[in-house]
Amino acid sequence: MRDVAVVSFAQSPSVRRNRTQNEVEILMPVVSEAVERSGVPKERIGFTCSGSCDYLAGQPFAFVWGLEAIGAWPPIRESHVEADGAWALYEAWVLLQEGEIDAALVYGFGKSSPGSLRDVLAVQLDPYYYAPLWPDAVSLAALQARACLDAGKFTENDMAEVASRSRRDAMNNSNAQVAKDVPAETLLNEPYLASPLRKDDCAPISDGAAAVVLACDDLAREVSERPAWIRAIDHRVEPHALGVRDLTVSASTRIAAGKTGALNDKLDLVELLAPFSSQELILRDALGLTNGARINPSGGALAANPMMAAGLIRIGEAATRISNGEADRALAHATSGPCLQQNLVAVLEGE
Amino acid sequence: MTDPVTGFTQPVRLEYDYTPGFGRSRFLRALEQGRIQGERCPVCHKVYVGGGSGACARDGVPCDELVELPDRGVVTTFCVVNLPFAGQTIEIPYVSAAVLLDGADIPLLSLMQEVAADEVRMGMRVEAVWAPEDERKPSMDTIRYFRPTGEPDAPIDDVLRRMRDA
Amino acid sequence: MGKLPTAVVGIGQTKHDDKRTDVSIAGLVREAALRALEDAQMSFADIDAVVVGKAPDMFEGVMMPELYLADALGATGKPLLRVHTAGSVGGSTAIVAAHHVQSGVFERVLTVAFEKQSESNAMWALAPKIPFQPTLVAGAGGYFAPHIREYIRRSGAPDHIGVRVAVKDRLAALKNPYAHLHIPDISEQMVYESPMLWDPIRFLETCPSSDGACAMVLTSEKYARDDSAWIHGTAVRSEPLGMAGRDEVNPRAGVDCAADVYAQAGITEPRAQIDLMEIYVPFSWYEPMWLENLGFAPPGEGWKLTDDGTTALEGSLPVNPSGGVMSSNPIGASGMLRFAEAALQVRGMAGEHQIDGARRALGHAYGGGSQFFAMWIVGSEKP
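Residue numbers (my numbering), protein chains in the order written: chain G, 1 to 351; chain B, 1 to 166; chain V, 1 to 383.
Just so you know, the hints here were simulated from the structure itself, not pulled from any lab data. Any given hint might turn out to be false.
Claimed, not checked - Among chain V residues calculated to face chain B with C-beta under 8 Å, some are:
{"no.": "1", "residue": "Val137"}
{"no.": "2", "residue": "Glu150"}
{"no.": "3", "residue": "Ile152"}
{"no.": "4", "residue": "Pro195"}
What the hints assert, rightly or not - Cross-link-like lysine-lysine pairs, in silico, DSSO-like; alpha carbons within 27 Å at most:
{"no.": "5", "chain 1": "V", "residue 1": "Lys3", "chain 2": "G", "residue 2": "Lys42"}
{"no.": "6", "chain 1": "G", "residue 1": "Lys180", "chain 2": "G", "residue 2": "Lys199"}
{"no.": "7", "chain 1": "V", "residue 1": "Lys15", "chain 2": "V", "residue 2": "Lys175"}
{"no.": "8", "chain 1": "V", "residue 1": "Lys175", "chain 2": "V", "residue 2": "Lys19"}
{"no.": "9", "chain 1": "V", "residue 1": "Lys222", "chain 2": "V", "residue 2": "Lys382"}
{"no.": "10", "chain 1": "B", "residue 1": "Lys137", "chain 2": "V", "residue 2": "Lys129"}
{"no.": "11", "chain 1": "G", "residue 1": "Lys259", "chain 2": "G", "residue 2": "Lys153"}
{"no.": "12", "chain 1": "V", "residue 1": "Lys382", "chain 2": "V", "residue 2": "Lys3"}
{"no.": "13", "chain 1": "G", "residue 1": "Lys259", "chain 2": "V", "residue 2": "Lys129"}
{"no.": "14", "chain 1": "V", "residue 1": "Lys382", "chain 2": "G", "residue 2": "Lys259"}
{"no.": "15", "chain 1": "V", "residue 1": "Lys19", "chain 2": "V", "residue 2": "Lys129"}
{"no.": "16", "chain 1": "G", "residue 1": "Lys42", "chain 2": "G", "residue 2": "Lys153"}
All residues carry an ideal CB built from backbone N, CA and C; glycine is no exception.
With the rest of the complex left out, here is chain G (with noise of 0.2 Å):
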């Protein structure tokens, strides 16, 4: 396998409402950002992939938008996915593995402000069982909780500690959206939002868009003094049908987290993509994370979660701390559909 490494990662603010800028008007500071602070001339970058969500926007086409964001002329190779920027950057990883092009931009960007995300995301189900339930969001979320509860994964209180040290986590995170020093034992007495989830159990509503610039082999060593090397990235989905599999595990990041070698690793840090306390608590099982590696010192999802860049970000997120030395070794995690139905986990490592 080739050495593909992230050499620049920009994001913008994430804001709860941003009304006076489109999602293309979002997203071209942040490509500029990543594109220039890469140091990777613009022609070097042979291929360029992204992650949008039609349904988010309420607009078909939404992607084409960000092509009109980032000078793609001469025409350049690019590529979509409808899905966040995380899923993205596996294709520009694997399309690089091929050995002919050096450096690949990603991007992923979306408002969910437009829409009521909670509703949106009922659409994102089947559509002949569970769509016409509308179940939305946050309930299929709290199911999944519920479950693990009863199953003695975990409690309220572990929740809550997760939510308080997220948003305590995101005040030194200048682009998180939630940012606060409140000690979990305040947060559980706040009323439930769809039991038991509370509000400070969710995700925030965001607006967003985040760039990374990967590089490989001497390109990335030219233009980074420490680049954050992808040593593994795999993903892998689950049935979507909730009855089918166990709620209280999950068994595809486990998966993928094998594939990656991650399980037995020693990780300084980990930046999960959990919209919802409870699905950290899962995930970290899954991973089988025991040896003290700090959990999403960005403050993770529940500080900003802007759909369809916020996986690019964990990887972001942990590329930009072992490049600059915070950490050696990281995972990344981003996850899509309901109750973490599907899962992508990549390993992160500094020379």
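With chain G held as given, fit chains B and V onto it using these hints.
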């Protein structure tokens, strides 16, 4: 035993708040004032008008130099629409034309009226017909449509050659 | 490392139709997937990864439907990726799947592209009402008709060319049992008399709106068989929609994409070295336009190849022997159908619409405002 279910209708209703964005808002506000405002790219110097993002799609940079454009130009191409469709507000047949305003480098898509559909030509010189002042809004249909000015046609080959010069 | 040789060992498609009310969305994709697996003599269990492609989700009213389809496509426990590049998606999906094997990351990949447009309203899904703008462009035809008008002006092509393509493709479709449109008495007269929808495009010069799916199994050399097709080249190119200076009649992205795929496949004289092509022609006039864009004819002369019968089934350079997009257009699948039909031809498995001696074929797809291009060249021999 009843017949098996072979299909059902599942209504989906989702409401979205649409944000035109800074660039388009700027353009729409000028329209409200009866002005057509283009934007020049600092890199390629082309003048964009009516676009979505206030940016140059070729260079990926914001266009901050504003250019006042006249409300007249040339039809660079068009089609005659004869097909009824959901959400249609205009009577068929109608002509939908690409109008290159004088001084712009990208055409504006607009309705043609006050001319028979089979008399519209590429190269035809046209002018905008605006909504009355008290009905103007930040919306594309503040320009109700374009109509022929009666002037001789522009040399379409030259117009198109210039327009396609990337 | 370079690209590893990659073979197309299985191909399947559904019967395309205006409403496949006999199957759910899952049923539709499985119909194609199971046929491809059967052709490949494989089962879902043999597949390492699944790559799905389709056009805007509003066509079915299901957001990110690959999640719902994971079970149906045997993707449990496997990587599943969903590509969306507008109309070219069927082609770019096949290319993303190809990269999964060419890169050495996987050995056996199932790729599926589909659209079940009857579930929702296709015209609305393509262009819903956006605030502050009047809805002027009445469907895809309304977008492309003005560019066709410019092509006709530029080339001086006679009026009947569009009609000729429309008849040619529907005649070919009569030999393709999977095609949506089977119009046994199709004639130039019938096309001329059909309603003018977006002048200069008539109803019968327009593609249908179809439900359909296409699937292929791509493998490494190890799993290839004697009757496999081999990928000789793949390329994609995109250009921005709203860029000043674009030529939408002869887009540069298409020209560059073709140059790339030809270089990979060692094609220096397309006309002589390619036996047939399956190209994305949703409105009949796009045949001559793409022939020029792809370098088969000099600018302004593509229409002559249509006119003199070169591109007919019996001609020296058949274009769309399957009947093309003009006969079946499940939008998300159409690009993959072009790629798959090209592969069927070089495997000698195109049945009644087989072109004799087909050894190398071009598959082509485009999307958006003529801004996304995906192409591949397949051959009967390993490159």
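Taking the hints in turn, this is what the structure says about them:
no.	hint	in the structure
1	Val137	7 Å, holds
2	Glu150	5 Å, holds
3	Ile152	10 Å, violated
4	Pro195	7 Å, holds
5	V:Lys3 <-> G:Lys42	24 Å, holds
6	G:Lys180 <-> G:Lys199	14 Å, holds
7	V:Lys15 <-> V:Lys175	13 Å, holds
8	V:Lys175 <-> V:Lys19	21 Å, holds
9	V:Lys222 <-> V:Lys382	12 Å, holds
10	B:Lys137 <-> V:Lys129	17 Å, holds
11	G:Lys259 <-> G:Lys153	25 Å, holds
12	V:Lys382 <-> V:Lys3	13 Å, holds
13	G:Lys259 <-> V:Lys129	46 Å, violated
14	V:Lys382 <-> G:Lys259	31 Å, violated
15	V:Lys19 <-> V:Lys129	25 Å, holds
16	G:Lys42 <-> G:Lys153	49 Å, violated
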